[in-house]
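**Student:** Quick note, the sequences are listed as chains A and B, same order. Quick note on my numbering: the first sequence kicks off at 1 and runs consecutively. Quick note on my numbering: the second sequence kicks off at 1 and runs consecutively.
Treat the hints with care, as some may be off.
Claimed, not checked - Straight-line alpha carbon distances no greater than 27 angstroms define the calculated DSS-like cross-link-like pairs of lysine-lysine that follow:
{"#": "1", "chain 1": "A", "residue 1": "K67", "chain 2": "A", "residue 2": "K95"}
{"#": "2", "chain 1": "A", "residue 1": "K222", "chain 2": "A", "residue 2": "K189"}
{"#": "3", "chain 1": "B", "residue 1": "K334", "chain 2": "A", "residue 2": "K415"}
{"#": "4", "chain 1": "B", "residue 1": "K32", "chain 2": "A", "residue 2": "K85"}
{"#": "5", "chain 1": "A", "residue 1": "K85", "chain 2": "A", "residue 2": "K142"}
{"#": "6", "chain 1": "A", "residue 1": "K189", "chain 2": "A", "residue 2": "K202"}
What the hints assert, rightly or not - Okay, the calculated beta carbon distance ranges per label pair:
{"#": "7", "chain 1": "A", "residue 1": "Q270", "chain 2": "B", "residue 2": "D285", "range": "27 to 37 angstroms"}
{"#": "8", "chain 1": "A", "residue 1": "E97", "chain 2": "B", "residue 2": "D343", "range": "25 to 35 angstroms"}
{"#": "9", "chain 1": "A", "residue 1": "A84", "chain 2": "B", "residue 2": "D343", "range": "15 to 25 angstroms"}
{"#": "10", "chain 1": "B", "residue 1": "D184", "chain 2": "A", "residue 2": "P65", "range": "45 to 55 angstroms"}
Unchecked claim - A partial selection of chain B residues facing chain A, derived with a Cβ cut-off under 7 angstroms:
{"#": "11", "residue": "G69"}
{"#": "12", "residue": "R167"}
{"#": "13", "residue": "A169"}
{"#": "14", "residue": "W220"}
{"#": "15", "residue": "P346"}
Since the hints were derived computationally from the structure, they do not count as laboratory data. Ideal placement from N, C-alpha and C gives every residue a C-beta, glycine not left out.
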Amino acid sequence: MMKKDNFQPARRRWLKRSLTVGGAAAGVATGATALASGSESLITEVQDWNRYLGDGVDANPYGMPSKFEGEAIRRDVAWLTADAKSSVNFTPLHKLEGIITPNGLCFERHHGGIAQIAPEDHRFMINGLVDTPLVFTMEDLKRFPRHNRTYFLECAANSGMEWRGAQLNGCQFTHGMVHNVMYTGVMLKDILAEAGVKASGKWLLPEGADPSHMTRSIPIEKAMDDCMVVFAMNGEALRPEQGYPLRLVVPGWEGNMWVKWLRRIEIGDQPWHHREETSKYTDLLADGRARRFTWTMDIKSVITNPSPQAPINHGRGRTVLSGLAWSGHGTVSRVDVSIDGGRNWHTARIDGPSLSKSVHRFYYEFDWDGRELFLQSRAIDEKRHIQPTKQALREARGENSIYHNNAIQTWYIAKDGTAENVEIS
Amino acid sequence: MGKRFTTLAGAVALSLTLLNGAANAADPEHGKLVFGQCAGCHMVGDGAQHRFGPSLNAMLDQPAGSATGYDYSAALQKAADEGLVWDVETLDEFLQAPMQSMPGTRMAYPGLNSETDRIDVIAYLSTFTSQAATSAESEQAKSTEVEERPLAADAELPSHGVLHIGREATPDEITAWDIDVRPDGTGLPAGSGSAIDGTDLYDSQCAACHGVFGEGEGRWPILAGGLDTLTEERPEKTIGSYWPYLSTVYDYVRRAMPFGNARSLSDDDVYAITAYLLYLNDLVDEDFVLSSENFSEIRLPNENNFIEDDRALEPAFVAIAEPCMSDCIEGEAKITQRARILDVTPDAE
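Here chain B stands alone, though its shape is the one from the complex:
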């Protein structure tokens, strides 16, 4: 199957046309949204730098592995040596399943199933090929026709409430948004997932930031380990060592993870990842299966070490009749520590 890659002369808008039947115009604006999944590792645009992955500016129609200053995986280097050029076709194939199409790639990303998503994200990347094309926003001319407005007296007044403002939410709308889960299991969807299934999901969806063993890459959160470190100088606050409730893990992964692609996991995927996180924290065996049935039986080790706010009982909080105003401390003040010695303040670039 062939694809045609056309730059419209004199226009910043870039059109990609598929020749496999239905012709769809590529939508770089939609591609920008899809790219949100990539932005955790890749930068584009002004000032883009290499991060976990290379900067993707001006990468289309260039030999693979040609961004200077980025340390490519051996797998990608080998493909580059064999003459791989990133064009619409090769990128499209790679993005379907990076780890299958190039075993050994550092890009721990499962792939974009949707062809529309792939073509759109390539179209978005192509806007960074030409330096001039970064702001490809086409103004749609608004209709100048005069809109006929309904008469105010014809509006129906709802019966609810005091001021009769707003409308009743439908059951489907509430189901779509109300995904929160509580420690007692309220809000959990029916379903299940095994730690074994969670292994692959975690490796592809989570490990790039949180580390293969939940140890955390860079300053991304550590998820496993850290037992008995809470009284140490550098405590490690993980799911196993600190978090009080397992429901928090399920709720948070379901609402916010993976970073840059929230709400993309199925309910069973979230059960599987949650089960695997329990396994990484040595709280269950590798053949463990987590489900809506057994969920509330699982307790995390640190649950009972949380207390309510009792700041008001601290000595400094107990109101002093009148704070000292003169000769409060004996002797002259002496410096015991200076910020300048630690020197961690951001400076001029």
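So that you can see chain A by itself, here it is in the shape it has in the complex:
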């Protein structure tokens, strides 16, 4: 089974590996022995898995990751919140490839624990300023035209711990409140058309069925643009921790608005100013004023490999740098990478689908000479927004905003290949 205590700090892991495997054949294998001839016993000798039969079909009716992937798990930061039932954990970005986040690795954030709702017991209501207030069952909702769309979801507080300086040592913790999923569901505007929104209806209030009864105010323009009501993620039913059986999708906007366990949407003529859009999710500025309704998640990127949880283990030579970039304003048009702390920049290669309001995967391959590096990435979106420096954000907002920190991240690579979260001059 995967366990939390599989996580080891980079340095300890590095030392262990250095002791186990010397020389060029550095890897993660533990049974490797280099013979005097330079040949590896892994190749010259028949291994157990070459000889003995493995499990048959149905060993795991629902398949699990390889037992050797125990470090690819969500992790929390216990001191951040008061109680696990109203807390957050983080996506292991350094373990991901491509653009899709596997369902079991999507970070969690709940305000009253994970509601367990049988789909036949779930009801979804539209009320307020409509011609006909309506109730739908899950079966009803599946009779609307279905759409498949891939979107990132980022918590507005992602990187929130880093406003005052470098704090958490790993991209999982600094940037892991984001995931990227292909959703299946129906367009919210199609459901609203069934109820008939009155001309005075300007705002929506989605509400969850969990004990927090989560609510947020959303302007009608967004609902009529691209909001979805979804029941599936990455090809299967929503996971309980992602709102099974029904959640709202608000593309490009802060994750708190994507109400899980969605049971009701009310139409009104004004916003509600509820707890999650006043006391929380408002951005305090240096002068004591606070911005509200800061919905869009700005252009952002992070290098996921190498990073503190994923050091360089191969010594000097050819090195693959990889990372993720996303923008709530649309597609990412370009990502630049610096290995000298922003002195010089190189345009990275974006590979895989480039979808609006979806994560983009980028690569930069280079020959490492073994010297110290300061890795940074800087993304630019289709609306020409350029990812800012931490300094620029602090000058504009101070250090108490908590939310919407989309600044450029720096990883320091030491001569032994270990990586560290730093700030630089």
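Dock chain B against the given chain A, drawing on the hints supplied.
**Tutor:** Frame of chain A; chain B shown alone:
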């Protein structure tokens, strides 16, 4: 009145039977839901640890105060010294009104009025008495009879909308779910509550997490104080110092509090707690009564310090024709701060 406590041999299901008339089987599954109110302070099951209250694993039929490593109140320690044993009967009595039945207990919880709730939660706790009994889920055999299905052509098509999907919501259904309140008072129920009534409610329902004076225990939210701290290095964002509208307090307490027992307060209770929170923030006198009539007259001090999203005006947002690509900063990069020095990253256990 006596109660019999029976463990069915060879079965994980545990049955509690009341001998006071109608015999009701205890329902540990329902007890698990009731225990949600307790889970803010008490843990059970694998890996349970002491929190604000002790872990409750294997506590039934054991002397009170016997969980090792938990610092019990003097009141409970005294009861334990006098020979208190937690069994169905003593727990049932204690849970009715903990603070009355054991003055001085740290358990700031008003009590479970419903006998069914109490017996069920005790039955749930009893599943953690025996280590083997943690997954007491009885599979109900599904009927194998073939269901007669209505003919599709007989289904009635509703007249609303475009695709005629869904059905009209009834007024009772809308009333049950539509409890939201806006700053202009829209959505407030008729009623009232005094700060004085709010004192007891707050102490029993809220103080365990939010502190007796709204100062917040541990990392639970601070509700009072913090005036003039918004420009400081560590601002305290309380109802008095930060929240713009009182309606937010009423709406949130009514929909989500107390943590683990949402929707259990009456509308008047919520008025009383809201009034007391105003008092804790020095915004009203102790004899203040809040009602649907005077609600919208109350304004919070920070209302006018919220502005709309103007990020697009920040220098970093103003599109630069082409970002610098070479020799952008003079000199070599030097480390000014390292995460490793703060060392707050979660580690191996």
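**Student:** Taking the hints in turn, state whether each one holds.
**Tutor:** Tested hints:
1. K67/A - K95/A: 14 angstroms, holds
2. K222/A - K189/A: 10 angstroms, holds
3. K334/B - K415/A: 15 angstroms, holds
4. K32/B - K85/A: Distance ~15 angstroms between K32/B and K85/A Cα, so the pair holds.
5. K85/A - K142/A: Not satisfied, since the Cα-Cα distance of roughly 31 angstroms exceeds 27 angstroms.
6. K189/A - K202/A: Measuring from Cα to Cα gives roughly 13 angstroms; hence the hint holds.
7. Q270/A - D285/B: 27 to 37 angstroms: Taking Cβ atoms as reference, Q270/A and D285/B lie about 31 angstroms apart, which means the hint holds.
8. E97/A - D343/B: 25 to 35 angstroms: Since the Cβ atoms of E97/A and D343/B sit about 30 angstroms apart, the hinted range of 25 to 35 angstroms holds.
9. A84/A - D343/B: 15 to 25 angstroms: 23 angstroms, holds
10. D184/B - P65/A: 45 to 55 angstroms: 52 angstroms, holds
11. G69: Where the cut-off is 7 angstroms and the nearest Cβ of chain A is about 19 angstroms from G69/B, the hint is violated.
12. R167: OK, holds: R167/B within 7 angstroms of chain A, min 6 angstroms.
13. A169: 4 angstroms, holds
14. W220: Interface hint status for W220/B: holds (5 angstroms vs cutoff 7 angstroms).
15. P346: 6 angstroms, holds
When each numbered hint is compared with the structure, violations occur for hints 5, 11.
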